[in-house]
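Colleague: Given chain U, work out where chains D and A should sit, using these hints.
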Amino acid sequence: MKTRREFIKISTVAAGGLAMVKPALSWAPDFLKKDIKPLDESKAQRFPTFCEVCFWKCAGFTYLNKEGNIQKIIGNEKDPHSNGRFCPRGTGGVGMYYDNDRLKTPLKRVAGKNGEGPSFKEISWDEAFDDIAANMKKIAKEHGPESMALLYHASSGSYFKHLMKAYGTKNIAKPSYAQCLGPREAGFVATYGAGISSPEPTDIKNTQCLVLIGNHVGENMHNGYVQEVADAIERGVTIVTVDPRFSTIASKSKYWLPIKPATDMALLLAWIHVIIYDELYNKKYVEQYTFGLDELKSHVKNFTPEWAYTKTDIDPKDIRDTAYEMAKAAPAAIVHPGRHTTWYGDDTQRTRAIAILNALLGSYGKKGGWYFPEKKKVPAFPHPEYPHPHWTWKDITRKTYKSAGTGISNDLIKASLPSNKSEHKIKGWFVVGTNLLTTVPDQKITKEAIANLDFMVVVDTMPAEITGYADIILPECTYLERYDDIRSSQHRFPNIALRMPAAKPRFNSKPGWWMAKQIAERLDLGEYFAYDTVEEELDWKFKQMGTSLEEMQKVGVKQFTKEKELYLEDGEEYYFNTDTGKIELYSLDLEAKGYDPMPKYTEHRQPDQNFYRLIYGRAPMHTFGRTSNNPNLTDLMSENKLWVNPKVAKIWGLAADQEIWLQNQDGKLSSFPIKVRITERIRHDSVYMVHGFGSAKGELSRAYGRGASDSELITNVKYDPIMGGTGMRENFVTFLTDNPHKEAKEAARKEANS
Amino acid sequence: MTEEIITSGRDIPFIDPVLNIWHWQIPLYLYLGGIAAALVFFSAYFYIRGRGNELKTSVQIAPMLAPVVIVIGLLALLLDLRHPAYFWQLYTTIRFNSPMSWGAWTLGLIMPLSIIWPLTYLKEIQKYYEKNKFFSGILEWLERMINMIKPVKSLIEWFTVNRYFLAWVNIILAVILGVYTGILLSAFNARPLWNTSILGPLFLTSGLSTGAAVIMWWSRSAKERIIFSRIDLLLIAVEGFFIIHLFMGFLASGAVQIEAAELFLGGEFTAIFWIGVVVIGLILPAMLETMELFGYHIPISIPAILILVGGLIFRFVMVEAGQITRYLY
Amino acid sequence: MRYGMAMDTRKCVGCSDCVVACQTENNVPLGYARDWIVESTVGTYPNLDMEIRSERCNHCDNTPCVRTCPTGASHVIEGGIVKVTPEECIGCGACIQACPYDARYFHPDGYVDKCTFCDHRVAKGQTTACVAVCPTKSLTFGDLDDPNSDVSRLLRDRKWKVLAPEAGTKPQVFFLT
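Chains U, D and A supply the protein sequences, listed in that same order.
Residues in the first sequence are numbered consecutively from 1, following the working numbering.
Residues in the second sequence are numbered consecutively from 755, following the working numbering.
Residues in the third sequence are numbered consecutively from 1084, following the working numbering.
Keep in mind that the hints were calculated from the coordinates and are not lab data.
This list has only true hints and no planted wrong ones.
Quick look at which bits of chain A chain D covers, simulated, 3 or more residues with Cβ under 8 angstroms:
no., segment
1, 1114-1120
2, 1143-1155
3, 1177-1183
4, 1188-1194
5, 1244-1255
Listing some non-contacts, in silico: residues in chain D with all C-beta distances to chain A over 12 angstroms:
no., residue
6, 906
7, 1002
8, 1062
Please read all numbers here as calculations on a predicted model, not as lab measurements.
Glycine included, C-beta positions come from ideal geometry on N, C-alpha and C.
With the rest of the complex left out, here is chain U:
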């Protein structure tokens, strides 16, 4: 058998020297060789940053390749958010930088307010700032500075918050409160006197039982949370998942309770009943730390598992078994309140029930339950005292939503409506890094409010829908191109992270801090931004905290020792910040405000025939609309699909990947069709889709028209009476197999021609 080498030798002449070329290639210059030249990490340049793709803010390093371009982002091992491993959105964050659809230059509206079409003119930064300052001065003169509101979600929002307070308004809201985690904050404040904040201080690392209600960890990709849950799975921890859908975590749980949607309260009350009446609660803990056990006991007398079964479709045996599992694991048991808790309007009460359950299990403040997180305070750069506004969001909101903890975005929006005849009017908006139209439900109200504004500025990196309504659009550079305020997060130990740029801002985009400072100067508020460069400001802050900008630029993350204890000692005295100083199973605060002191069961609406409840959620490779145009992430998932049960599909005659349009109970149509995914993983009375798709913005080349937008179809809002949260899950859709927009156009054309 001739070997390869021999053969080449023999045939050298015949092949005309061809064979000589092969070994010759080994010394060929690089451009001839097509082997990939990947990064040598030890020699590559890297810059610390923390991610902005979602709100978990994992710290990591941005690596540059040989050509000096951003190549990849890797997690910082010292960071407890990521433990050195970024999630797919963070890893795909490079796409945000390279996305050519991003906003490039400041724009000014020149045509009428219709939110459609290219009615924007490119202007210079100076022009933009002059215009903004002039308008802000005008609003301050005509209505008072309080009439400017700031609605934000981006990290640079902290600089704009500072600007707004210096300008004289405290009407500031993050949609993440009223549209997302507000109810759980209010529920826990009413019970424990303290909210949860982010990241949640759940000690999953040490827990023995994790109960998830409508919480799809693994499809939500809150990094540190998923990592601890994965470890828990490996440790064989009992996981109980309550979800009408067979979610990823449901497939890894010991118990999956396929609950009928909108009946979670019944299950929680039944669990409380079992734990109290079967004497499974932590007697010592409840005795020492809680108030109201007797009232609670008589309140839940009739909420038996058999009763709950009639409401939830869950077998009473499963309800008992899971209650016993929780009790067995207690105090190392966590009933997780979830994050996005704005469902049906009684959400604060539902999270109250969860808080009560945790208290009965004695897990709050205990190992394997809830730890006491600590956060290092970030000092403010010296500035003059803020002016005192004449009125704030509390004057608008606290009349109705007495337990609202911060500004409510939907209330500030409503305060901008023409129907608001009170003295508390909002006439101008600063929108920073939040796509209000897809965030706040009932788009009609938001659009009406916008139409009534005197002035609106939108600061964003991408031309999201909200930018189409702005008077001025300011293009912010991505997090990879800028400095931002220090990240100081609550965790088992205080830790801070630095974000610094790895590249110069692309096109004509600029960082948020610079915009805030420029606007301040034009408003004669320069003393509030009394530093020349942001490095100066950050270095001052770091030095106050015991480090320096130089050190942080090398390490990215710094950990500090904890001052207080992580857990409660056995029998330790502890004062809870409630009226009684104890954990209130019976809430005096809520009673005083006129709300139910203990959670009650409310029957919620179920879908009519041919309608299905619209359930929405996340995908692990996307952060809703923020990533729907990211080239790396749309490569993983380019559109959402509608999950339909096979029985339902059969009734409607639907085929896999068939495109259908959706119409909700109020007659609202989806702008775009959505493909059908026929799967057993969803109940017959519901349909499911991932939120953040179906963008109607043509400039977003990878997001436009991909899948459908659930935000359009959420027109029925269930407002939580306690804190103003917008419950979005009482919307139902039916299917249209033919294009309704085509029919409407044709009908219009027929009429025009008749």
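Modeller: Coordinates of chains D and A only, in the frame set by chain U:
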């Protein structure tokens, strides 16, 4: 129990949702390779049996089509390559485990030999076409060119004398080429439809059948036609036997093979295979040739064309269907 | 020295981090993937079971792809890693046909590409990009010949399976069930 499998994050061109990297170029090449192998085989075989003058077309005339067909096949192959600038790498090594390497080298060897064989019969070809002014002109020009280049002339003269040796080399190479077109596919054990050892002999038989059809059609002598139509009948019978055996084998194997067979037994390829390949390519020509044997006069072109068409369809169907079959999901 | 990978299907949530990390590490063009996620659901509501896997080239012991390559562009390097030399590849696609796992594809430049077990990182003592990034730590890479490596220990302690064992390729990526 319903099973639902979704592959996310992946939609690679030509790989998803089903493998389709080989299109018309490969079936065409396999087909032409089969014809070329048959032409070379029959010419060498009948020469060795001493029937060179009796079966003029098959031994002396038809082989000149072989190099043409091979060149077209090689062009098709070159067009299929995705990295064609590096095609010469095929000839810097020989890999005995790779049927493709076998094929590359066999073609490389057969190519010059298939040119030389008809050149040794240049005089006979000229006589055959003396009535065709245009073609005679070309042949005359060819003769002049050869006479001008001394080494070529002496090479051809040497082979004319040693034709017997050349015939033996040709027979071996032709069989390898014919079988290789089938073995090439059957070596891919990841594609259940192809991974059967019957494919090699089946493709060889099919190739011989198409080659015989060409010779049958081309021939001017009734005797030659009858001999080849009998050969063809035999080949069709063998082919039919192989196809039955093929399906029996699939149905007696594992789940993936049964699924592969079902593509042809009720699946999307049922009509095109049984009508296009079996009826048009096997049964009809067999019937016509049998009728001819019984004295009915059938224009020879009809069964010939049917066989040729059937053979082409067969290659196309096998290549396309094979890529659809797979082990996973 | 025989490299292999263990993939824990119990922990994998199908987030596709392995896919995008591989793309940014190895300059894989968008629209192409060297690894991918497969989600397999069995049963009828509510009696359901689901398995999620992260798949890639299995760097088999009995490689059908290397065997069928006519030029030797597909070859095996130290540790059993299967690689393709782009300037020896003619783009015939034989190896793609030979792979039962559909792990290979044509790179837009014409040559055949696939997972390389990040051999450029392995050579420097690092692990592969997908293993390094996986947030649930479902992926483990290491030396199968070393009885004390993480991979070897996992294969001793856990039940595992390989994909399409009947294809006879002896894959070296093991799925822990």
